[in-house]
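There are 4 protein chains.
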Amino acid sequence: MWASPMGEPRFQHECLLRVRYSETDQMGTFYNSRALEWFEVGRTETLRATGVSYAEMEKRGALLPLVEAAVRYEGRARYDDLLRVACAVGFAGKASLRFDMAITHADSAAPVAAGHTLHAITDAAGRPTRAPRWLIDVLQAGKSAP
Amino acid sequence: MWASPMGEPRFQHECLLRVRYSETDQMGTFYNSRALEWFEVGRTETLRATGVSYAEMEKRGALLPLVEAAVRYEGRARYDDLLRVACAVGFAGKASLRFDMAITHADSAAPVAAGHTLHAITDAAGRPTRAPRWLIDVLQAGKSAP
Amino acid sequence: MWASPMGEPRFQHECLLRVRYSETDQMGTFYNSRALEWFEVGRTETLRATGVSYAEMEKRGALLPLVEAAVRYEGRARYDDLLRVACAVGFAGKASLRFDMAITHADSAAPVAAGHTLHAITDAAGRPTRAPRWLIDVLQAGKSAP
Amino acid sequence: MWASPMGEPRFQHECLLRVRYSETDQMGTFYNSRALEWFEVGRTETLRATGVSYAEMEKRGALLPLVEAAVRYEGRARYDDLLRVACAVGFAGKASLRFDMAITHADSAAPVAAGHTLHAITDAAGRPTRAPRWLIDVLQAGKSAP
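Chains as they are written, first to last, in the working numbering: chain A, 100 to 245; chain B, 100 to 245; chain C, 100 to 245; chain D, 100 to 245.
Any given hint might turn out to be false.
In this list, chains with the same sequence are indistinguishable; a pair is considered to hold if it fits within one copy or across any two.
Said to hold, decoys possible - Listed below are the simulated SDA-like cross-link pairs for lysine to any residue, each with C-alpha atoms no more than 25 Å apart in a straight line: (1) 158 - 224; (2) 158 - 119; (3) 158 - 127; (4) 193 - 222; (5) 158 - 223; (6) 158 - 225; (7) 158 - 226; (8) 193 - 115; (9) 193 - 231; (10) 193 - 173; (11) 193 - 206.
The hints are simulated quantities; they were obtained by calculation from the structure and are not laboratory data.
I would like the entire structure built from these sequences, with the hints used as guidance.
Laid out in structure tokens, this is it:
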């Protein structure tokens, strides 16, 4: 779906969501910051699909605070539109995860927004740490859920 | 400004805020849940005006989780409109605080939304507690800031 | 599930949603205004289940601006918790709709929040109007979707 | 404050805002998408300082939909922290505006987030258009407000 900047297989997953009225603005499309909230939904469902949800990761003491986010706005989405959130996750160095995101209309595949988020891997106290072994295993073993 | 359900003087305060684009929706007015976020701005500025901010209250181990909220929607407010948030706070029993709110247009005084929030008083662990002495003193001594 | 203030059968529906990280706050539970956003998700899915979605209603020129909202906060909900949003909708007079809402944990049925929203029925220009015939038919014919 | 990618003087402005409780998340800092909402506050106050607010621009039929946004997360910000939002705006080609943003703590100047947004200039119907003369004049004549 997109070129990997890391040249390695990555775990991919897709999920659907509906645009909420609370996410629109007076221009009649979604407000720009909602793209980052939808990226979060994509990350959550992608990590769940690996077998270790982010809620579980936090319980194990591994947090993923954002370091960087970028969004390209490619098309409109209105209230109640059904969107597909496609996500590919991989390591970007030993202590970072990168999620590449593409949001499209579920029916027409028309593009809505794309971009990425870069995350540090930290312990519960917020100290940067190398990826724990189970996280490496989970992402390497991963196959995209249907 | 409004009848007190508690029949006692209460601490009153007003502040101003501007409607953000992120707070509008495709109906062209503010999205309904923003009223509760503006109530929070009013609570924050009202407690600061007492001399003990809510951030300071949390540090002292007194939290104010919501028990109940009610909003009447009275008029439209558009992006960049300047709003006045008027707040009156008083005790509602020994372990609760009630904030009565009225949001109006700063220029015309046309009504936007009104309502109240009811809060438990808890310690840092979330256990309900009686109002600490300093909070009683602060609210009783309070005079509305200019 | 709750007493009807209108003494008449109403259309009922339930849906599920997951708490997003963006919906939490530093107290570790959901931020209070999110309850109104979840009520909106419940309204949207309930109207869709009647056969006429709210997006379709808007296209037909019938809007449902909020007149009043009330929420009781009954329990905590954390990031990634799966919630059940139960909704019952009925007329409250000739030109108003009322949605009664109850949000619970999907697994334990522990309560999270409950309340209602009251909506005017207006035309596309925002003028109050009586409920259109098709809306009356849709709600009266309705049976709760499974 | 930052290098201009456009090699030309740009209109600069700063404003202050306080972190709302609604903008925090369970990690105890601001939720990542709030940075884009704060960028919007910065754009709004910067355009107002030019003498033509964005609300006025919309009335004149010139919209600024987002094309691209990027954020670097540089530090934490907690509820009630007072932040400085610094903004520099200039043209990026004949039909685009670029806002460069830096958010810091108002007291310590410690960095919180920085980035930019790129905006098309469109007419009220959403068609891309060249910058209107008055907008060029306003930005070129601009001096940073105190």
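Each hint tested on the structure:
no.: 1; hint: 158 - 224; result: both (12 Å within a copy, 19 Å between copies)
no.: 2; hint: 158 - 119; result: between (30 Å within a copy, 16 Å between copies)
no.: 3; hint: 158 - 127; result: between (39 Å within a copy, 14 Å between copies)
no.: 4; hint: 193 - 222; result: within (14 Å within a copy, 41 Å between copies)
no.: 5; hint: 158 - 223; result: both (9 Å within a copy, 21 Å between copies)
no.: 6; hint: 158 - 225; result: both (14 Å within a copy, 21 Å between copies)
no.: 7; hint: 158 - 226; result: both (16 Å within a copy, 23 Å between copies)
no.: 8; hint: 193 - 115; result: neither (31 Å within a copy, 37 Å between copies)
no.: 9; hint: 193 - 231; result: within (10 Å within a copy, 49 Å between copies)
no.: 10; hint: 193 - 173; result: between (32 Å within a copy, 20 Å between copies)
no.: 11; hint: 193 - 206; result: neither (38 Å within a copy, 35 Å between copies)
Checked against the numbered hints given earlier, the structure breaks hints 8 and 11 and satisfies all the rest.
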